[in-house]
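Going down the list, the sequences are from chains A and B. Per my numbering, the very first residue in the first sequence carries number 1; after that it's consecutive. Per my numbering, the very first residue in the second sequence carries number 1; after that it's consecutive.
Here's a subset of chain A near chain B, in silico, CB distances under 10 Å, partners left out:
#1 D51
#2 S340
#3 S350
#4 T360
#5 S376
#6 V387
#7 D397
#8 A399
#9 K402
#10 E407
#11 I409
#12 S413
#13 G414
Derived from the structure by calculation, the hints contain no laboratory data. We put the beta carbon where it would ideally sit given N, CA and C, even for glycine.
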Amino acid sequence: MTLNRRHFIGTGFAAASLLSVPMVWGQAKPRVVVIGGGAGGATAARYLAKDSAGGLDVTLIEANPIYTTCFFSNLYLGGFREFESLQHGYDGIAAGGVTIINDMATGVDRAAKTVTLAGGQTVPYDRLILSPGIDFRDGAVPGWSADAHAEIMPHAYKAGPQTQLLKSMIESMPQGGTFAMIAPPNPYRCPPGPYERISMVAHALKQNNPTAKILVLDPKENFSKKALFEEGWAKHYDGMVEWVGPEFGGGAVEVRPDTMEIVVDGEIQKVDVCNVIPGQMAGKIAAIAGVTDDSGWAPVHPDSMKTKADDNIYVLGDSSAQGDMPKSGYSANSQAKVASMTIRGELLGSNVFPAKYSNTCWSLIAPDDGVKVGASYEPTPEKIASVESFISATGEDAALRKATYEESIGWYSGITADMFG
Amino acid sequence: MIRQIFLALTLAAATALPVAAERIGDAARGATLFDRQCKACHQIGDGATNRVGPTLSNIFGRKAGTVAGFKYSKSITRMGADGLTWTLQTLDAYIENPKALVSGTRMNYRGMADASARADLMAFLRDYSDQPANIPESEPTARKSEPTLDPAILAIQGDPEYGAYLSSECSTCHRRDGADEGIPAITQWPPEDFVVAMHAYKSKLRPHPVMQMMASRLSNDEIAALAAYFATLE
Ligand SMILES: Cc1cc2nc3c(=O)[nH]c(=O)nc-3n(C[C@H](O)[C@H](O)[C@H](O)COP(=O)(O)OP(=O)(O)OC[C@H]3O[C@@H](n4cnc5c(N)ncnc54)[C@H](O)[C@@H]3O)c2cc1C
Chain A
1 MTLNRRHFIG
11 TGFAAASLLS
21 VPMVWGQAKP
31 RVVVIGGGAG
41 GATAARYLAK
51 DSAGGLDVTL
61 IEANPIYTTC
71 FFSNLYLGGF
81 REFESLQHGY
91 DGIAAGGVTI
101 INDMATGVDR
111 AAKTVTLAGG
121 QTVPYDRLIL
131 SPGIDFRDGA
141 VPGWSADAHA
151 EIMPHAYKAG
161 PQTQLLKSMI
171 ESMPQGGTFA
181 MIAPPNPYRC
191 PPGPYERISM
201 VAHALKQNNP
211 TAKILVLDPK
221 ENFSKKALFE
231 EGWAKHYDGM
241 VEWVGPEFGG
251 GAVEVRPDTM
261 EIVVDGEIQK
271 VDVCNVIPGQ
281 MAGKIAAIAG
291 VTDDSGWAPV
301 HPDSMKTKAD
311 DNIYVLGDSS
321 AQGDMPKSGY
331 SANSQAKVAS
341 MTIRGELLGS
351 NVFPAKYSNT
361 CWSLIAPDDG
371 VKVGASYEPT
381 PEKIASVESF
391 ISATGEDAAL
401 RKATYEESIG
411 WYSGITADMF
421 G
Chain B
1 MIRQIFLALT
11 LAAATALPVA
21 AERIGDAARG
31 ATLFDRQCKA
41 CHQIGDGATN
51 RVGPTLSNIF
61 GRKAGTVAGF
71 KYSKSITRMG
81 ADGLTWTLQT
91 LDAYIENPKA
101 LVSGTRMNYR
111 GMADASARAD
121 LMAFLRDYSD
131 QPANIPESEP
141 TARKSEPTLD
151 PAILAIQGDP
161 EYGAYLSSEC
171 STCHRRDGAD
181 EGIPAITQWP
191 PEDFVVAMHA
201 YKSKLRPHPV
211 MQMMASRLSN
221 DEIAALAAYF
231 ATLE
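Using the sequences and the hints, build the whole thing.
This is the structure we're talking about:
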């Protein structure tokens, strides 16, 4: 007879804490391994350890000892944040009872249920969570590859040294020079991210290089909060930002990093800084684990974030293909809570409640001019579907925009505490 | 009084209402209540100035936290920026229980439980408001959507374990350690105030799009579960 947890509780030990699972029968605790200590993975590891109160053996595998948030990295470019304020270590998560392994995961053996690390170690799991963020698609922007050209034309779409490099390039741009951005096609992380970045670059240039130009080359007709950004650019940075959509060649741009040129619609143009944000796909380990499909993302069940490919593997955040939720830190955090509740239910028999998801993305357009967009989501059989949504309006008064910006600072403080302890 | 009657008549004529516009309450009784409960801190009428509290002249139709020269709590300023405007409905909720509508208000007033007394007080305040746009007599039906919560909803016993899960949505923005940087703290609330506040978001009485969205999909049981969970926190 197998003694399961429900049975155990049923036999009169219910008075003991519902959450702590005593080590009995000489059996090891169920093991949950999380790959990727970013928005999704950090939250999942922390919540699994916290809510199981020692009942699970939780290991977090993360390549970097320090995580730099992409969220608010645009504010750093605009001069509103110090770089250090974007950085978070793993001590808080470790203190919550999570084993941290600082290494790169290079393989997943789904039959043996083990993860292999670059350092050679093998880590066994009962449930595996992947939250590895994004990787760039090879050849997404003709003439550019991450390995060869990111130092010349930075993406700054994984925060860290790339973000610092982009900032220093903006600061040393010649007077009246041109900053170009190659915007990504859908789907990509943080739908308003490129446009918040344009706003912040414009703000920085307005201070020190007011005759500079910003050129946005975009393969999309429409983008997140477009009306709000366009209103803000006209109001704060009149004449500085030129947005070129697909109709005028924004979707077919070639770059020449060696000569700092871009080719738009057959026309060669010299630029001073070029921020290439290429097309994206799930972090590579998801494909290595075999849980992605032809789209390059990992399809998951909408009620749990469990992959469609493997009942023991969950994918969170940017790497997942789940439906209507944008790829954001907020979404990843929200999904992590549903997944960790589901996994506790599976491994420890705790209650599983209906999945609820939500997201809000704040963007800063200029000093004290913040806007936001958000929605709540619920699982349907097909996908995670949007239930209700809101967006800031054009023409809002200054007090509301300032309150929205202040709220975003509160959100950053709240969510990073929720992720990293 | 003259103006009030005049207004009621013109509006009744303009919109051809089938019934006579309802009066808010008895302004004379309201004046007595004002003297006893409000006057120590608030002035109203000719030459009124800000004291411990802001002047209450022209309160109807005014955005919360906007009397010039008065130093408001962070909480009320924030709600004003989010769109809280003093109407019969919002003011009624505020007088009933100030902290249930504006958690961090500095107004040190325990609230007025009696709905008809509140109505009298508002009838009095209304006489000092020359911005009739949002005034209740213009819309008799406004009296029907009382903000008071069904006692049966307040009596629901929530499941704290469910509340713990639901609360993980709150802690995305609200810090568990109670820090308040741009987003208010939500720890250490009396459960009843919590339930009233969440229902005020759900019914869109409290402004703020994120909170309205979060609350609108919570059932009565889920709000009770959250309250039960938060009550277990230190
Ligand atoms: C400019 C910009 C602005 C943004 N602004 C916002 C915002 O305001 N609000 C918001 O909600 N979101 C914002 N985002 C989006 C947000 O950063 C991402 O959606 C979020 O980080 C996704 O979380 P994740 O867990 O999927 O991946 P990540 O946070 O990227 O975490 C992935 C982690 O996995 C690690 N990793 C990957 N592969 C391996 C491996 N094989 N082995 C070990 N470790 C590995 C990486 O080192 C990384 O730490 C922004 C993004 C950008 C680029």
